[in-house]
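Chains as they are written, first to last, in the working numbering: chain E, 1 to 346; chain A, 1001 to 1452.
Hints are computed from structural coordinates only; laboratory data are not their basis.
By construction, the Cβ of each residue, glycine as well, lies at the ideal position given by its N, Cα and C atoms.
Errors might be hidden in some of the hints.
[To be verified] Computed Cβ-Cβ distance ranges for the label pairs, DEER-style:
id: 1; chain 1: E; residue 1: 151; chain 2: A; residue 2: 1422; range: 24 to 30 Å
id: 2; chain 1: A; residue 1: 1416; chain 2: E; residue 2: 1; range: 53 to 59 Å
id: 3; chain 1: A; residue 1: 1330; chain 2: E; residue 2: 330; range: 45 to 51 Å
[Unchecked claim] Anything over 10 Å on all C-beta distances counts as not near chain A; from chain E, calculated:
id: 4; residue: 66
id: 5; residue: 85
id: 6; residue: 114
id: 7; residue: 119
id: 8; residue: 143
id: 9; residue: 216
id: 10; residue: 221
id: 11; residue: 263
id: 12; residue: 278
id: 13; residue: 292
[As the list claims (entries may be wrong)] Listed next, the in silico SDA-like pairs over lysine to any residue satisfying Cα-Cα at most 25 Å (straight line):
id: 14; chain 1: A; residue 1: 1057; chain 2: A; residue 2: 1387
id: 15; chain 1: A; residue 1: 1057; chain 2: E; residue 2: 112
id: 16; chain 1: E; residue 1: 338; chain 2: A; residue 2: 1121
id: 17; chain 1: E; residue 1: 338; chain 2: A; residue 2: 1122
id: 18; chain 1: A; residue 1: 1057; chain 2: E; residue 2: 335
id: 19; chain 1: E; residue 1: 338; chain 2: A; residue 2: 1120
id: 20; chain 1: A; residue 1: 1057; chain 2: E; residue 2: 336
id: 21; chain 1: A; residue 1: 1057; chain 2: E; residue 2: 116
id: 22; chain 1: E; residue 1: 338; chain 2: A; residue 2: 1420
id: 23; chain 1: E; residue 1: 338; chain 2: E; residue 2: 259
id: 24; chain 1: A; residue 1: 1057; chain 2: E; residue 2: 106
id: 25; chain 1: E; residue 1: 338; chain 2: A; residue 2: 1240
id: 26; chain 1: E; residue 1: 338; chain 2: E; residue 2: 328
id: 27; chain 1: E; residue 1: 338; chain 2: E; residue 2: 11
id: 28; chain 1: A; residue 1: 1057; chain 2: E; residue 2: 332
id: 29; chain 1: A; residue 1: 1057; chain 2: E; residue 2: 327
id: 30; chain 1: A; residue 1: 1057; chain 2: E; residue 2: 32
id: 31; chain 1: A; residue 1: 1057; chain 2: E; residue 2: 45
id: 32; chain 1: A; residue 1: 1057; chain 2: E; residue 2: 330
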Amino acid sequence: MDTFWFIAVALMITLYVLLDGFDLGAGTIHLFAAKNEQERRTILRAIGPVWDGNEVWLIAGGGTLFFAFPILYASSFSGFYLPLIIVLWLLIIRGLSIELRGHINDPLWASFWDGMFFIGSTLLAIFFGAALGNVVRGVPLDEDGYFFQPLWTDFSPFSEPSGILDWYTVLMGLLALTTLVVHGANYIAVKTENRLNARSRRISRFAWVALVVLTVLGTIATFWVSPWMLESFGARPYGYVLPLVAVAGLIGMIVFNVRERDREAFLASSAYIVGMLTSTVFAVYPRVLPAVNPENSLTITNAAASDYGQAVGLIWWSIGMVLAVVYFVVIYRLFRGKVRLEDEGY
Amino acid sequence: MEDALTVSRLQFAFTVTYHYLFPMLTMGLALLIFVLKSVYMRGRNDLYNRAARFWGKIFAVTFVFGVVTGIPLEFQFGTNWAAFSAFTGDIIAQTLAMEGAFAFFLESAFVGLFLFGERRFGQRLHWFSSLMVFLGTWASGYFIITTNAWMQNPVGYRVLENGNIELNDYWAVLLNPWMFAQYAHNMGGAVVCGAFVMAGLGAFYVLSGRHVEYGRIFLKVGVIAGALSSLWMLFPTGHFSSDQVAEHQPVALAAMEGHFQTDREADLVFIGQPDMEKMEIDNPIVLPGGLSILLYGPAGGEVKGLEGFPEKNWPDNIPLLYYSYHVMVGLGTFFIGIMFLAAFMLWRGWLYTFRPMLWVLMLAIPFPFIANTAGWLTAELGRQPWLAYGLMRTSEGVSPLVSSGNVLFTLIGFAGVYLIMGLLYIVLMVREVGHGPEGEHETLENTENLTA
Ligand code: HDD
Ligand code: HEM
Ligand code: HEM
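With the rest of the complex left out, here is chain E:
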């Protein structure tokens, strides 16, 4: 049961990254991809009907984490206090920038929100990557299962206490940013035509080069900082499938990009994200929050909710997820196809 919920939460977070990932990426690249007002609005229209739903995966994933592993929720959210609150502010800024820009027709107003959209999206991508980096590196949990980390100390992942930002977690942040840039560019390419489409494709191609470099660096750094990450793969070799999916995605992205098959390129970047995240999660299992002192690590057993709670949760959760998937399929189908500005909403 604990394992089931571990997978469920990991799945929801992966879905979150997959879905909100492309609108975060779109936020980062829109300043470069769109050269005029029409194009800016086209990009916003491409994510307008869906970004809020995408973000709900974060809330629902957080909620599920809270209910399946209350101790983990309490420990990690209070331990990452400052960065989490900063993430909240960024989410506020970004949400506003997407929605409010169109309400007043004024170039200054629009430029301001364009800037906010860029800053919010970019920093969020970096923070999410850094957060994952922290989990992989381990945090200074005490015997009661709590910790508190400063934002940074001396930027080394090996010092005690280490900060939330050190060179390793920042590297992870950059990796995440680059991933989402490619992913977002692929999405925009799918949803747009002509020059916007061509520019997005070019951005995706350039960022891909950086992505390859960062993936290699990141993988090496991970095994250097947290050698135990390899254990899971050793114990359960079938897990090697997951990094292979990531590699396949990485290759697929560039192949389809060059052939101008935008949809397939988007699927490839999705595969890359799924592969990377599931590999990490697979390696971390059965820990949910590795501690610097391994004895204090939170695991799926010592952080879990009651059996009864998890059992009733299974019922409503399954119903809820089926419903959510139905909404998403319907909404994405309804709004499928290239974005054209004539059918503007409100």
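Add chain A with the ligands to chain E, keeping to what the hints say.
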């Protein structure tokens, strides 16, 4: 301001109160928009469709503010109330997570459809999405109220040997007896809010001679909904709420009512200032014996005063609790008065031309927001000193390792961000109201011409 507990409480109180300013309007408007859209579907009077679309725009902006201010709350349980989350997570996280799974997904899907889909997918789907938006926002109200109801009146759990608690009856939590009155009351409060805003804006349009035919529609719908919901707040729901508090949280009731000494013929205080040193009400205007009669019927009955309870179980801010409660009830009475007067005038056909009434309706717009906020202050301050009533004290729930300096930093940050957001919201509303229900064409054409 020294300890992390105080600052965390301030931060939570500030962020949740701010958040709730938006949902109370969206939940109320969601119902009224659905009504407007349904009227349009029956009679195909285009005015009603335009009206629905116009309120849809107001809804959209408000909804965004509700979303972005809501997300921090969900996270703050973990960041600031880690001990509380660890202790009660097995129970309250169920309802919080269900809110995500059932309500937020529904809302986000159909709000997108409602706002972007009318032209593309036609009227029937648009009507349907307005229904789903209404159900979604009200479902989210249900889950959040159920969570809060559990904190007010914990049920469906059992205590383990190590002192922790765990869920043992899911349905007891979902059907918490406390929830029914609270939900009915709270949603009524949201309708009051939507109705006053709609009627008040209608009054503004009629008074200023712009968009008069829409102004009349807004007045009609707003006043009818306002009269019904205002009454609903007093009876049955307000009455049941106070009975419930009297039964389960008698010390909170005593504090709300400013009732210091135990008395068989307890007075009902209308006006007066609680004097905590002398333990009495200054400048009182009271209904002698009124409180006993309200709670126990004409025969009356003994109502325990604050002195009858150990001081460590008193709510820690009694004057504020007392004032909040009296502001809520006072405003509630005032709402019933003006809305019934307005409804009477509507019925006689005087409302659209009787300017003093229109002025009153227009100027009343802020008051439902105040009443709702005061209501929540009452509920939450009355719950003190408990975080989960009788189970966990507020002082035990705070995150153990987060320092007050860090919380103060984030509190100041929230204050800054929310101040700017408040200004933005006002600017956007003023513009939206300025454009009026016909304004959409203007803006659309403008944007269509904006090719580079
Ligand atoms: C009775 C009503 C009510 C109350 C008491 C609260 N909210 Fe709320 N909340 C809503 C009614 C609502 C809503 C009307 O349903 C909103 C407004 C916009 C939306 O999406 O739903 C919302 C939004 C909203 C969102 C954003 C959802 C999204 O992205 O779609 C979150 C995370 C929360 N709320 C969480 C909370 C928490 C943790 C609360 C308690 C402390 C809280 N709300 C009080
Ligand atoms: C599910 C719904 C809610 C939950 C779970 C909840 C939970 C909490 C928590 C954890 C605190 C901090 C500890 C404390 O001081 O008691 C608090 C305080 C407070 N809440 Fe709520 N709350 C909810 C809804 C609301 C709403 C909607 C409002 C107002 C609009 C509100 C107003 C307040 C206020 C004013 C305080 C401060 C009380 C004080 O510090 O003394 N609450 N609540
Ligand atoms: C006129 C008579 C009214 C009475 C007798 C009344 C009574 C109450 C009572 C006893 C509570 C519960 C406090 C607690 O849970 O500790 C409450 C809460 C509340 N009231 Fe009222 N109320 C009235 C009017 C209003 C009005 C007009 C509004 C808003 C439009 C409003 C909004 C709220 C809200 C939002 C809450 C908090 C949520 C809840 O616990 O339901 N109330 N009210």
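*Checking against the hints above, which ones are violated?*
Hints 2, 4, 5, 14, 22, 25, 27, 30 contradicted; others consistent.
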